[in-house]
Amino acid sequence: MTLTYYLVLAAILFTIGAVGVLVRRNAIVVFMCVELMLNAVNLTLITFARSTGTVDGQIMALFVMVVAAAEVVVGLAIIMSIYRTRRSASVDDANLLKY
Amino acid sequence: MIEAPDLSYAALAPLLFVLGAACVGVLVEAFVPRDARQPVQVALALVGTVGALVTTLLLSGTHETTAGGALAVDGPALFLQATIAGLGALSILLFAERGLDPARSAFVASAAVPAGSPRDRELLTATRVQTEVYPLASFAIGGMMLFVAANDLLVMFVALEVLSLPLYLICGLARRRRLLSQEAAVKYFLLGAFASAFFLYGLALVYGATGSIRLRDIREAGLDGGGDTLLVLGLGLLIVGLLFKASVAPFHTWTPDVYQGAPTPVTAFMAACTKVAAFGAILRLLYVAFGTAEWTWRPLVYAVAIVSMVVGAVLGLTQTDLKRMLAYSSVAHAGFLLTGVLGLGAGGEGSGLAGTMIYLLVYGLTTIGVFAVLTLVRDGDGEASHLSQWAGLAARSPLTAAVMTLFLLALAGIPLTAGFTGKFAVFRAAIEQGAWPLVVVALLASAVAAFFYLRVIVLMYFSEPVADGPTVGVPGVPTTVVLAITATATVALGVLPGAVLDLAGQAARFVG
Amino acid sequence: MPAEGLLAASWLLIALPLAGAAVLLLGGRRTDRWGHLLGTATVVAAFVLAVACTVQLAGLDQRSADVELFTFIRSGELDVTAGLLYDPLSAIFALLITGVGSLIHVYSIGYMAHDPARRRFFAYLNLFVAAMLLLVLGNSFVALYVGWEGVGLASYLLIAFWYTRPAAATAAKKAFIMNRVGDVGLAIAIFVMFAQLGTTSYAGVFGSVGTLAGGTITAIGLLLLLGACGKSGQFPLQAWLPDAMEGPTPVSALIHAATMVTAGVYLIARSAPIYDLAPTARAVVLAIGAGTLLIGAIAGCAYDDIKKVLAYSTVSQIGYMFLAVGLGPAGYVAGLAHLLAHGFFKAGLFLGAGSVMHAMNDSVDMRRFGALWKKLPVTFATFGLGYLALIGFPFLSGYFTKDAIIEAALDRGDVWGWVLGGVAVLGAGLTAFYMTRLMLMTFFGRARWEDGVHPHEAPTVMTAPMVVLAVGSVGAGALLVSVFPLSGWLEPVFGEPAEAAHVVAPAVIGLVVTVVMLLGVLAAWLFVGRREVPVTAPVRVSPVTRAARNALYADTVNESLFMRPGQWLTRALVWLDNRGVDGAVNGLAAGLGGTSSRLARTQTGFVRSYAMGMLGGAVLVAGALLAVTAG
Amino acid sequence: MSASLYLVAMIAVPAIGAAAVAALPRERGLLAKQVTLGVSLVVLLLAVLATAAFDVDGDRFQLTTSVSWIPDFGAEFALGVDGIALVMLLLIGVLVPLVVTASWHEADHGPRPTRVFFAWLLLLEAMMVGVFVATDVLLFYVFFEAMLVPMYFLIGSFGGPRRQYAAVKFFLYSLVGGLIMLAAVIGLYVVSTSQLGEGTFAFDALRQLDIDPEVQKLLFLGFFVAFAIKAPLVPFHTWLPDSGAEAPIGGSVLLVGVLDKVGTFGFLRYCLPLFPDASRFFAPFVLVLAVVGILYAALLAMGQSDMKRLVSYTSISHFGFIALGIFAFTTEAGTGAVLYMVNHGLATGLLFLVVGMLISRGGSRQIGDYGGVAAKAPLLAGAFLVAGLASLALPGTNSFVSEFLVLIGSFPERPVFTVVATVGIILAALYILLMYQRTMHGPPRGVLLQQDAAEPAPGLGTGGATATATATRTAAPGTLRVLDLSRRELVVVAPLVALIIGLGVYPQPLLDLIEPAVSATMSDLGGTDR
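Protein chains in written order, with the numbering used here: chain X, 44 to 142; chain P, 656 to 1167; chain U, 21 to 651; chain B, 72 to 601.
These are calculated hints, taken from the structure and not from any lab test.
Computed list of lysine to aspartate or glutamate pairs in DMTMM-like fashion (alpha-carbon distance at most 20 Å, straight line):
id, chain 1, residue 1, chain 2, residue 2
1, X, LYS141, P, ASP976
2, B, LYS447, U, ASP135
3, U, LYS394, U, GLU470
4, U, LYS395, U, ASP382
5, B, LYS447, U, ASP52
A partial selection of chain U residues facing chain X, derived with a Cβ cut-off under 8 Å:
id, residue
6, ALA620
7, ARG621
8, GLN623
9, THR624
10, GLY625
11, PHE626
12, VAL627
13, ARG628
14, ALA631
15, MET632
16, LEU635
Note that beta-carbon positions come from the ideal geometry of N, C-alpha and C, so glycine has one too.
Make a model of the complete structure from these sequences and hints.
Spelled out as structure tokens, the structure:
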């Protein structure tokens, strides 16, 4: 049975995440979409680990999870602070800086 | 059974210095009483960065890989680490400036307090200062130094995050104009995360294509003529991730907003150090992992360079905010740097590597200098970064205007300033590889860019001073030191660049 | 042969007046008191020296002396030495210039006595004499060119001497510009000589001109002729000379009658070896001479401004000279003789006119003169003699010289000979007419003076030179043609005068010319003398008269052909330069600015659009890479 | 001091002087002027000494110094002069002290301190010297660009009403040219790397290169555009009228008198010897630009109402003659062209200075505001006339010799172009005499009748400007007392007049200096086609 399906699925997930970033307004959701992309990558890594028969891919997946966690910490902190000020988590409200 | 990788601690000393200082810094935040923190943190951060600088210089000449080949300690790595450490130290000094802002610091007292709330207003006048920035900055610097030494895509990714996450945070820590600052942070964060997702996906694809993430193995698995779609796609996505950090058009969109919103010292830090780190990674990725297959990426870089130069130069023309203008200028400079990157000759020959490294050093120094001057000119609400406020500044403060002029001329690449040396180096590299049309475009772009640098000079010198113009603050010791060093370096590297060119020339050889 | 003795010092001829000019110009007001005396002294001294030199020259067996001074310009092939050539031809000019020059300096002492800027006047006069001497004494075409433009400058300064009068300023400018047009011809001629012969010295050019192709020689000849026309006020460049009368009268007498305007004749005579080989060019000289002769005479008939009449007369007389030198060896001597004679009587006439104006409060309108003969006896006498000499009254100078020219013309023996001769005779008639008209309107008839004019004879310092010149006018011709033949003197230059078999006996010609002249006088008396001269010029006149009054529309042509189009062109170009050339640059700048602000709109400030941009970029990058590797 | 140090000193002395002047306290304006004058006189002395030490029959380059500068680029700090550079040094040496004297009161009443003006002036002098004595192409380029900065500040800080526009325009135009040249400079370096093993910028080494014609064309264009903008040739000229008109008089004099000569100097020093084939290939096009420029600019000059713009346009026309002389490729024309560069510096320099003195009295640059000045100020008028005659190349003035040499030298090679160019001398007479007549002749007009007009426009005060202005304000109402030249102004005018006439009568010494270098250049040019 082929691994291509997994890769395709991962690609689809990645795309969904990317599109989500573009279409969703809520900062949290946007951020979650990014997380989705990261997890799509994880799936890819695992698949390749399987195909190449090395463990590197799995290790990398673990690394990615850790990094993602760190990103969540930082990200939520930032989003919180601006939410407190603006009472809104919509990324479209934050556009004082332009042109 | 996996045996522990060999670690050459000597070779890692620079990194250990900075990251160690950062970790200690965290403890300091936790245990040292608030009033004592500022000096301690500053001292610590300086020890870390300067220590790193010294150790890299001591290590010069080393040419090896360590940590099981995950880290390269070679000429370029050391040169760029030294650059980053040095520029980092200067940025730390800018952070530490307490003389300019009446509230004794450029950073918000308590980031958690909502902007504009009563508490925030009372904190604004309080002289209490926040010191998290120092460990954060140290982490970022550590990440950058790791970034340029990463000989392995995974390490590169980790380094990327280590340098990015702290930056996202400190972008949001401005004491004044907090809304802008926070907005900058959010934008930077979201887009940064987005970009790193691309990088990561690219990593995965390359891994899938070559079965390894070691740069050397990738080269050996290399693109054999035909072109392995996975690998090419991977390369593309990796480049996207890096170009984003280097704020190369069309991945520059975050740059103006973030530069403008972030606290000026942070902007200086980002503009100088991030650029160096990003290009360090680009060079290593392209030269080491894809050096033998440069025919694949050369056209791409060629095109991106042109786009970046043109976009930066043209958009800079109509900016009215100095920080924003400098952001576009940095986009243009990214383009100039890419012309240097194209100076890779057959079999790794060519002066492209050395040229680019020189340019990075020069650009970093000048940029920090220019932003340092920016922090001096203030009105009631922080820095007076609107162009119109600079009219007739020369009459009010000749010295400030003179120094600013020096940096602007350097950015414009006028001879006898460091900027010219850098430009010459990269353009020479490009022409050696027959990329003269690109160089002509670059030169025309820099002529256009020169216009907006000149405009500032015209305002400062040839316009009559405006009523109720901004005041020019008297810099404290740290900023003075920064200005002195950067200005001297700008002149020295312009008049007698021999030594440094020599250094870069020798350093310009990748391991592996 | 190299000069020794006085001839070696002939450079002093130029140096003396030049020094005078320098002293007067640099000395400033300090020299006001004695400046005019110094100025006169230098020229007189030069005259004495010229006489001495000429005497010595006469003594030499081979009458020619070279004076090498210093290297002027040496570079590559070009080697121009500043040097003088003192030979019979330059000698007679030197004598004429310094001689008449001295007289006019003396005259000016009186004429300019009350002018605050008299010192400046004498400085300019000295400058002119120096330049003119350089022109005739120089031993190369470059030296000649230097003098050529030098006299142009002097003439400019002197015409514009009363520069607060716009008319004077404009006239001066006009003179300089039209001269420059001629100078271009002269300059290019020199270029051709250098390009073809590698030298510009008379000796070198004349020595090797024979080696050139006929076309080239003709070209040189025509170019030189252009220069000559400019300087001598010949068609088509004659229009400046009458306007030049805006200058003080002594200037008109010296520069615009006796000397400078004859430089063209000198040039052609000097370039005889070239013209001998360029029949076409010579033919053109003839045509221009004949044409200008008539133009000048006709215009002279119509003007009421005494100086303008004399000016056109000059134009016409120089036409005679051109005609003569255009005839070649046969005519050179005749032409030069007429030149010298003309130098005397025309200078005399101008000085006379000056004295009249002096008496009439500087009015030049002959309609407001009349009956001056008893008020200004001396002037009348001298002027009268000059008049008679000019119209060729038997046995006065004009008679001999003009007849000689007509003879030479007829001696060609072909049909053109007859045509030219006829023109010359006709010209003689016209000359008689307009000069008689002038005499009648000025000295006879009823006094038509403006109120408050009290004519009085000029002081001796002015009359004396007039007397001397009058004597010259009477005697010169006979002297030069028969007593002391110029032909013999000039033999070293033009060679043996060919004894042509006369087509018509000289006596007959003399008779014919005299008759025609008398007819002219009669006509003048009929038109002017018999009836009252209206104080204002009649308006309703025949088109011929109107044409003549407008000098055959020379100015109109110049204006509509060159001036106006030039002004339009200039205006157009200014517009082009500002809107077009500079506009392109500024437009580019503006364009960039516009693009900039339009592009800046894409920086919307929305994170999601930035992300969109990045995604698009990523796709493009990936696509590009795939395209590269696939293809 | 050993002869070879003269050149170094000629750069160092004014540079140090500039620093010293800049360091003076604001109120010591007078001292600043005195120091500047002193320094510029020292430079003049050095130039004379250098000339004395120069052996006409000696090597191409003399008084050479060479220190390693940027080894990695193979760039050296190499100085040396040939006859061409030497005469330009003399020109600089003569002009700067006069400019300083003429600008004595230039900066007295502006918002900006006096010392700044004179410091920039000295720095400019140092750079100008450097650009002519550099024998290392990179060093030349560095001076070429760095030269912009002082001039930029002179125009921008002390210029006329539209000084900002003019300054930026000047800077950007030159910068664009310079940057394009930079590409060519690097290209040349790369070629030298491939041919000589290691890259060099040494002029003498580069002259030996045998460059592929196609490459030559590209490199030639790179240099040519830069120089054509500097010189300036039509159609790259539109910056000059603005800069020339807006700059303070001293600036205009040095700009047109010396700075722009760098362009023509560049043609002769770099374009011809380094790219002989390309030079020969492009010569016809350049000649077209030159000849068109002569007539075009002359006609434009006639159309100007602003005296300084007019003079600027006349210069553009003159540069056409110089370019013609250079690209005719004959020794005579080349020598003439170089002499033209010197003479034009003196003649147009004087013209600008006198125009400035007139403007400082009338406070207006418009020709229409003047008339009949000769009656009030004969000396001024006289100087004006001499300058005018010199710039219309009347025999007896220096310009005649050079113009004559250029034309007579070009004719054998390029008869058609030369003939067309010769027509230019008529136009020259026109534009000069028109201006002279309108301002000096005729009855008193314009500012001579209304006395308030004596207020000098900002930045236009030259020489006795303000002094005159005050004098006139006390003058009888209705009539403006136009003072004749002050003693100081006489000191400025006299030497130039003397030089103009002296060199007009006896130019040979200069020609002897210039010719060897020119014929060497021409042989470089000819040496390659066989």
